[in-house]
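Student: Start from chain A and add chain B according to the hints.
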Amino acid sequence: MGAHLARRYITETETEPDPAKPFGFDPEFGFGERKEREMVASQAQMNLAQVPVLQRDYCAHHLIKLMKCKRDNWPNFLACKHERHDWDYYEHQDYVMRMKEYERERRLQMRKKRVEEAQAA
Amino acid sequence: MRISLFNVTATIEHGCRGFQKLGSSSFQGETARLLGAFSQIRAASGPSKGMLPGPYPQTPEERAAAAKKYNMRVEDYEPIPDNGEGYGDYPQLPDRSQHERDPWYSWDHPDLRRNWGEPIHWDFDMFIRNRVDTSPSPVAWHTMCKHLFGFVGFMLLMFYLGEKFPSYQPVAPKQYPYSNLHLERGEDPEKQPEEVKHFNI
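In the order they appear, the protein sequences are chains A and B. Heads up, the first sequence is in our numbering, so the first residue is 14 and it goes up one at a time. Heads up, the second sequence is in our numbering, so the first residue is 180 and it goes up one at a time.
Excised from the complex, chain A in its bound form (with noise of 0.2 Å):
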């Protein structure tokens, strides 16, 4: 935990990718073929849950499904156990999606590197 800022700043300053930056990379570079991340809500349905704009992401219908649920079962706030762990499930896969992008994306840097020093010598 933190190697990757001990990396960015001290150790590998040019290959350390910089979230705050677009990654650059073709998203299909490496790969076979690549399946699409599939939208499950449509804007409609987020619009009518009133799901706040930081929660409309990839995970939006668990959270539709668990806003309903907790609606129906008020006061008995320990009900929706179920729906509360799919959704938390699903962002927890987002999460790790966006670790592996992150290492992806480091990754294709070095080679880079790799490549370009290859070519100087």
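Worth double-checking, as some hints may not be accurate.
Stated by the list, open to error - Straight line, CA to CA, 25 Å or less: simulated PhoX-like cross-link-like pairs of lysine-lysine: (1) B:Lys353 <-> A:Lys34; (2) A:Lys94 <-> A:Lys83; (3) B:Lys228 <-> B:Lys247; (4) A:Lys34 <-> B:Lys376; (5) A:Lys81 <-> A:Lys94; (6) A:Lys94 <-> A:Lys78; (7) A:Lys78 <-> B:Lys353; (8) A:Lys113 <-> B:Lys325; (9) B:Lys353 <-> A:Lys113; (10) B:Lys247 <-> A:Lys48; (11) B:Lys353 <-> A:Lys48; (12) B:Lys376 <-> A:Lys125; (13) B:Lys343 <-> B:Lys353; (14) A:Lys34 <-> A:Lys94; (15) A:Lys48 <-> A:Lys113; (16) A:Lys94 <-> A:Lys113; (17) B:Lys343 <-> A:Lys34.
Said to hold, decoys possible - Pairwise CB distance ranges (calculated): (18) A:Ala33 <-> B:Phe338: 17 to 25 Å; (19) A:Arg47 <-> B:Pro368: 29 to 37 Å; (20) B:Lys353 <-> A:Pro88: 17 to 25 Å; (21) B:Glu373 <-> A:Pro88: 40 to 48 Å; (22) A:Ser55 <-> B:Leu340: 31 to 39 Å; (23) B:Gly365 <-> A:Asp107: 51 to 59 Å; (24) A:Val128 <-> B:Leu340: 49 to 57 Å; (25) A:Asp107 <-> B:Ala319: 55 to 63 Å; (26) B:Lys376 <-> A:Val128: 48 to 56 Å; (27) B:Gln371 <-> A:Arg97: 36 to 44 Å; (28) B:Thr313 <-> A:Ala33: 52 to 60 Å.
No wet-lab data here; the hints were simulated from the structure. The C-beta atom is built at its ideal place from N, Cα and C for all residues, glycine as well.
Tutor: Showing chain B alone in chain A's frame:
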């Protein structure tokens, strides 16, 4: 022109005749003058001429007399230097506030921390315990300054470094659908947003 106070309480003796004659006059000087016209009545208000401050003492005898007047020892008495501001022979006392005096000693006036007959500083009303405090700081002044500015400077430096080298989690930015929520963010609905594709990984 400030008049120093002595341990003299002002009392006015009233005679029945004088009081009726005067009605509701309240100025001491005026009362004294008017009452002085009647020989049976006199006022005992205000310091006598010998007790008031006088001109700057030139000779040692004048110094001795002034020291006696102010209830001080001749060795201790030092008049305020004559710079034309009109202090006269009033003594120069150390500029120490009443905070610095012993709180446990049984003063005659405990609130003022002063004994009866003690010479009063020119700025006594500034040096009372509610006001200016000249007592020394618990640690030397330069030490306090060093500690304070050192700490504040260090914190500012660290905040600056935190801005320059922010700490973050090693994750890519979050991916949102519908062209990064183009419509939900309130952007122009007519304008075609650029195509953004997200993939599973």
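Student: Please go over all the hints and tell whether each is borne out by the structure.
Tutor: Hints, verified against the model:
no. : hint                              : verdict
1   : B:Lys353 <-> A:Lys34              : holds (13 Å)
2   : A:Lys94 <-> A:Lys83               : holds (10 Å)
3   : B:Lys228 <-> B:Lys247             : holds (15 Å)
4   : A:Lys34 <-> B:Lys376              : holds (17 Å)
5   : A:Lys81 <-> A:Lys94               : holds (13 Å)
6   : A:Lys94 <-> A:Lys78               : holds (12 Å)
7   : A:Lys78 <-> B:Lys353              : holds (22 Å)
8   : A:Lys113 <-> B:Lys325             : violated (49 Å)
9   : B:Lys353 <-> A:Lys113             : holds (12 Å)
10  : B:Lys247 <-> A:Lys48              : violated (107 Å)
11  : B:Lys353 <-> A:Lys48              : holds (18 Å)
12  : B:Lys376 <-> A:Lys125             : holds (23 Å)
13  : B:Lys343 <-> B:Lys353             : holds (23 Å)
14  : A:Lys34 <-> A:Lys94               : violated (38 Å)
15  : A:Lys48 <-> A:Lys113              : holds (15 Å)
16  : A:Lys94 <-> A:Lys113              : violated (28 Å)
17  : B:Lys343 <-> A:Lys34              : holds (15 Å)
18  : A:Ala33 <-> B:Phe338: 17 to 25 Å  : holds (19 Å)
19  : A:Arg47 <-> B:Pro368: 29 to 37 Å  : holds (30 Å)
20  : B:Lys353 <-> A:Pro88: 17 to 25 Å  : violated (33 Å)
21  : B:Glu373 <-> A:Pro88: 40 to 48 Å  : holds (46 Å)
22  : A:Ser55 <-> B:Leu340: 31 to 39 Å  : violated (46 Å)
23  : B:Gly365 <-> A:Asp107: 51 to 59 Å : violated (24 Å)
24  : A:Val128 <-> B:Leu340: 49 to 57 Å : violated (34 Å)
25  : A:Asp107 <-> B:Ala319: 55 to 63 Å : holds (59 Å)
26  : B:Lys376 <-> A:Val128: 48 to 56 Å : violated (26 Å)
27  : B:Gln371 <-> A:Arg97: 36 to 44 Å  : holds (38 Å)
28  : B:Thr313 <-> A:Ala33: 52 to 60 Å  : holds (56 Å)
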